Amino acid sequence: MVINKISTAEQVIMKVQTGDTLMVGGFGLVGSPLTLIDALTRHDAGNLTIISNNVGEAGKGLGLLLRQDRLKKAVGSYFTSNREVAKWYNDGLLELELLPQGTFSEAIRAGGAGIGGFYTKTAVGTDLAAGKETKLIDGETYVLEKPLKANVALIRAWKADLKGNLIYYKTARNFNPLMASAADYVIAEVDEIVDERDLSPEEIVTPHLYVDAIVESRLILTREGVVERDI
Amino acid sequence: MVINKISTAEQVIMKVQTGDTLMVGGFGLVGSPLTLIDALTRHDAGNLTIISNNVGEAGKGLGLLLRQDRLKKAVGSYFTSNREVAKWYNDGLLELELLPQGTFSEAIRAGGAGIGGFYTKTAVGTDLAAGKETKLIDGETYVLEKPLKANVALIRAWKADLKGNLIYYKTARNFNPLMASAADYVIAEVDEIVDERDLSPEEIVTPHLYVDAIVESRLILTREGVVERDI
Amino acid sequence: MTFKERIAKKAAEQLVPCSIINLGIGIPTLVANYLDKDAYYLHTENGLLGVTSVAEEDIDPLLVNAGKLPVGEAAGASYFHSADSFSMIRGGHIDVAILGALQVDSKGMVANWAIPGKDIIGVGGAMDLLVGAKKIIITTNHVAKDGTPKFVKECTYPVTSTRQADILITDLAVFHWKNGRYELTELMGDTSLKDVEENTTAFYKVSEQLLEKRR
Amino acid sequence: MTFKERIAKKAAEQLVPCSIINLGIGIPTLVANYLDKDAYYLHTENGLLGVTSVAEEDIDPLLVNAGKLPVGEAAGASYFHSADSFSMIRGGHIDVAILGALQVDSKGMVANWAIPGKDIIGVGGAMDLLVGAKKIIITTNHVAKDGTPKFVKECTYPVTSTRQADILITDLAVFHWKNGRYELTELMGDTSLKDVEENTTAFYKVSEQLLEKRR
Numbered sequence: 001m002v003i004n005k006i007s008t009a010e011q012v013i014m015k016v017q018t019g020d021t022l023m024v025g026g027f028g029l030v031g032s033p034l035t036l037i038d039a040l041t042r043h044d045a046g047n048l049t050i051i052s053n054n055v056g057e058a059g060k061g062l063g064l065l066l067r068q069d070r071l072k073k074a075v076g077s078y079f080t081s082n083r084e085v086a087k088w089y090n091d092g093l094l095e096l097e098l099l100p101q102g103t104f105s106e107a108i109r110a111g112g113a114g115i116g117g118f119y120t121k122t123a124v125g126t127d128l129a130a131g132k133e134t135k136l137i138d139g140e141t142y143v144l145e146k147p148l149k150a151n152v153a154l155i156r157a158w159k160a161d162l163k164g165n166l167i168y169y170k171t172a173r174n175f176n177p178l179m180a181s182a183a184d185y186v187i188a189e190v191d192e193i194v195d196e197r198d199l200s201p202e203e204i205v206t207p208h209l210y211v212d213a214i215v216e217s218r219l220i221l222t223r224e225g226v227v228e229r230d231i
Numbered sequence: 001m002v003i004n005k006i007s008t009a010e011q012v013i014m015k016v017q018t019g020d021t022l023m024v025g026g027f028g029l030v031g032s033p034l035t036l037i038d039a040l041t042r043h044d045a046g047n048l049t050i051i052s053n054n055v056g057e058a059g060k061g062l063g064l065l066l067r068q069d070r071l072k073k074a075v076g077s078y079f080t081s082n083r084e085v086a087k088w089y090n091d092g093l094l095e096l097e098l099l100p101q102g103t104f105s106e107a108i109r110a111g112g113a114g115i116g117g118f119y120t121k122t123a124v125g126t127d128l129a130a131g132k133e134t135k136l137i138d139g140e141t142y143v144l145e146k147p148l149k150a151n152v153a154l155i156r157a158w159k160a161d162l163k164g165n166l167i168y169y170k171t172a173r174n175f176n177p178l179m180a181s182a183a184d185y186v187i188a189e190v191d192e193i194v195d196e197r198d199l200s201p202e203e204i205v206t207p208h209l210y211v212d213a214i215v216e217s218r219l220i221l222t223r224e225g226v227v228e229r230d231i
Numbered sequence: 001m002t003f004k005e006r007i008a009k010k011a012a013e014q015l016v017p018c019s020i021i022n023l024g025i026g027i028p029t030l031v032a033n034y035l036d037k038d039a040y041y042l043h044t045e046n047g048l049l050g051v052t053s054v055a056e057e058d059i060d061p062l063l064v065n066a067g068k069l070p071v072g073e074a075a076g077a078s079y080f081h082s083a084d085s086f087s088m089i090r091g092g093h094i095d096v097a098i099l100g101a102l103q104v105d106s107k108g109m110v111a112n113w114a115i116p117g118k119d120i121i122g123v124g125g126a127m128d129l130l131v132g133a134k135k136i137i138i139t140t141n142h143v144a145k146d147g148t149p150k151f152v153k154e155c156t157y158p159v160t161s162t163r164q165a166d167i168l169i170t171d172l173a174v175f176h177w178k179n180g181r182y183e184l185t186e187l188m189g190d191t192s193l194k195d196v197e198e199n200t201t202a203f204y205k206v207s208e209q210l211l212e213k214r215r
Numbered sequence: 001m002t003f004k005e006r007i008a009k010k011a012a013e014q015l016v017p018c019s020i021i022n023l024g025i026g027i028p029t030l031v032a033n034y035l036d037k038d039a040y041y042l043h044t045e046n047g048l049l050g051v052t053s054v055a056e057e058d059i060d061p062l063l064v065n066a067g068k069l070p071v072g073e074a075a076g077a078s079y080f081h082s083a084d085s086f087s088m089i090r091g092g093h094i095d096v097a098i099l100g101a102l103q104v105d106s107k108g109m110v111a112n113w114a115i116p117g118k119d120i121i122g123v124g125g126a127m128d129l130l131v132g133a134k135k136i137i138i139t140t141n142h143v144a145k146d147g148t149p150k151f152v153k154e155c156t157y158p159v160t161s162t163r164q165a166d167i168l169i170t171d172l173a174v175f176h177w178k179n180g181r182y183e184l185t186e187l188m189g190d191t192s193l194k195d196v197e198e199n200t201t202a203f204y205k206v207s208e209q210l211l212e213k214r215r
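Chains as they are written, first to last, in this note's numbering: chain A, 1 to 231; chain B, 1 to 231; chain C, 1 to 215; chain D, 1 to 215.
Just chain A, same shape as in the assembly (with noise of 0.2 Å):
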């Protein structure tokens, strides 16, 4: 008996439900699930909850789905990268959910490691911590976190295995790895899909226990923007 997680975006995006909360990762479109996103474009669920560092960028990536009108809500440190985000904000059309960047990173790994919620000073004394739990350990004051989790997360990596081991490529790893590890379903899309012997185990970054699907990438991010490659 031997696992083999690939699938099709077409077929696997239809794990997103309405009203689901996904996480999504990269940084910018910086391993971004391009792909992934691009299948979901087509795919009917709504009222989303999108916990992603960046809205993508305007008509790009994640900035695809707003225009569509499929975000209820988005968590995140950096919505500027999205021009058109503020408009929906201020429409009162998407809810804005803003963390320190750190906060965010923390959370996610929190939520994926089974952790209740952490203390940090990041955002102590500042507008992002107002109606935040704040707590005085030894002598300094802290910030009370909340872990976040998802239904499904959809992220990017380099290499896979058929059991779904994963490693990453440059500054595209970002907040992929931790999204691996916080959601109830994990939909990878990668570049290539490798023999299991070719991927060392001390340099796997994702283990495969926290990826239930493997896809492989169609659109991808070069220097001339987001372009579709033959697979």
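By construction, these hints were calculated from the structure, which means they are not laboratory data.
Please read all numbers here as calculations on a predicted model, not as lab measurements.
Glycine included, each C-beta is placed from N, C-alpha and C at the ideal position.
Do not take every clue at face value.
Partial list, derived from the structure: chain B residues whose beta carbon lies under 10 Å from chain A [claimed, not checked]:
#1 G59
#2 A110
#3 I115
#4 G117
#5 W158
#6 I167
#7 V194
#8 E196
#9 S200
Chains B, C and D: place on chain A using the hints.
Using the frame of chain A, we list chains B, C and D on its own:
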């Protein structure tokens, strides 16, 4: 200007002062910095608090320091592996702080990551949560655990470059990368010092910013036990 | 087959292929012998997913399981540090943990880390596993060496967690936690219901199916 | 040399070799041009220690800094995920963060993430860096585009942290946080003390050494 963190065990162990808190890597003797511990047995710092999963084995690794009466306190998860620990503890000559292994690991990570405390379900309702603060989060009870930090960390890795980038070997990784992040001064003993071009940027586990000094291992764990090798 | 092997084999039968499994020290370690190596993934909390057996001549002193015994590295294995390893456990990413126990009680509580009156100086990963694994299987002798029951009304030893064990497998019988109590679902070998009764102080129910079969 | 370059060069002079440095967007990015590449280690919070410049023909779209600009990979570089990256920042492992600012005030507070009346929809790593880096250097124009002072009595923009910035470097002068207030330690180019005074509403002290020099 090229940085070079290589030192000798004898020289660098002088960083340890009487009364210090030390983190010491290893799961039993696997991944334990045997050369640095050996140097410590010949250095006169005493009254030490040791943060380590075990206190080595009877008369081996950290067990040597116990016999020298150099330890004030040990913080870890499994002291059972050294049968002498119970005797010292019962004679009132050694304080013990026992933590579940996952809480112990997470507390060291928290120490290194600037987290003031975290909530875990582990140990809730057991003797090991006695006296600890609890909190009800989304209907479940969690216990608050505090970060662990140290003055000096003695860790063991497989390969280092001159800057201090580290990779580990199989299950000898264990607590070492965590401890590298959570002490003011970090000494790594390694099997091999390599050119930085021999370590792939994607596979480095401990980036050099965590490491202050590198020492080549003289004492290594083999199938025949701890042996001295020529370096 | 020794009684320990019978318990281990029975535990193996409870597992679903492709599961991620963590095996404790003792009887649980034997469970690996009854699994298809390619269809199960063994996790050890000291930092390896993909534990397999190792031939004597291939033993590597730096490759061990949580019991500090030498193990091998399966195809597709990966190594990670202890915080990442316990994130897998605490975060609910381990499908099944198979553990030993000193006592299990009517309420499903497990005591497997400390004995009153003896020094409490070790816990290891027991508490994290009991809290975090999706399913808990306890494998143990039905009675202690001195003949006293281990499946008791209420644990007199310190509990390891407030979470129930899902399945209890002893040399006498198999019990499943269902609707707030244990149900005896299967007798081991030629054990009789009376044998179980005489060696147990815990409350349990005999399953309808089993009673049906015996009628 | 433009005034931005002068500010960046001055910031570079504050750095000790072998430091771990995080550079923000804008003027801070220019600081790299004045550093010996082999003697400083640049960290970018999106997951790279060992940022270096990249030739146009070597640009890799998947290798960028926190400003999403293409960068290169230095010898001895390493990649890590965002939680590990911010553990470095929050945990106090970054020696110096050089950041821009909208306002800095007499109490050392920095405002560099939001403008009242405008949408507050982005913060990125600013708050983590200000809380976590061992030393903070702020580089900025002394006045805003409309000529109003940026070094003010008290921030009217939302602050980024309650932690003081250690050094403030503008096109007019350099200020060091000392004993609970900023000390003007150096004038940039041919700036006079009067120039600084007229463009500043913050309280600051002129250092004894500077006054001595001017006598």
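The hints, checked one at a time:
1. G59: violated (32 Å)
2. A110: holds (7 Å)
3. I115: holds (5 Å)
4. G117: holds (5 Å)
5. W158: holds (9 Å)
6. I167: Interface hint status for B/I167: holds (7 Å vs cutoff 10 Å).
7. V194: Constraint on B/V194 not satisfied, violated at 14 Å.
8. E196: Constraint on B/E196 not satisfied, violated at 17 Å.
9. S200: Given a least distance of 7 Å, the restraint on B/S200 holds.
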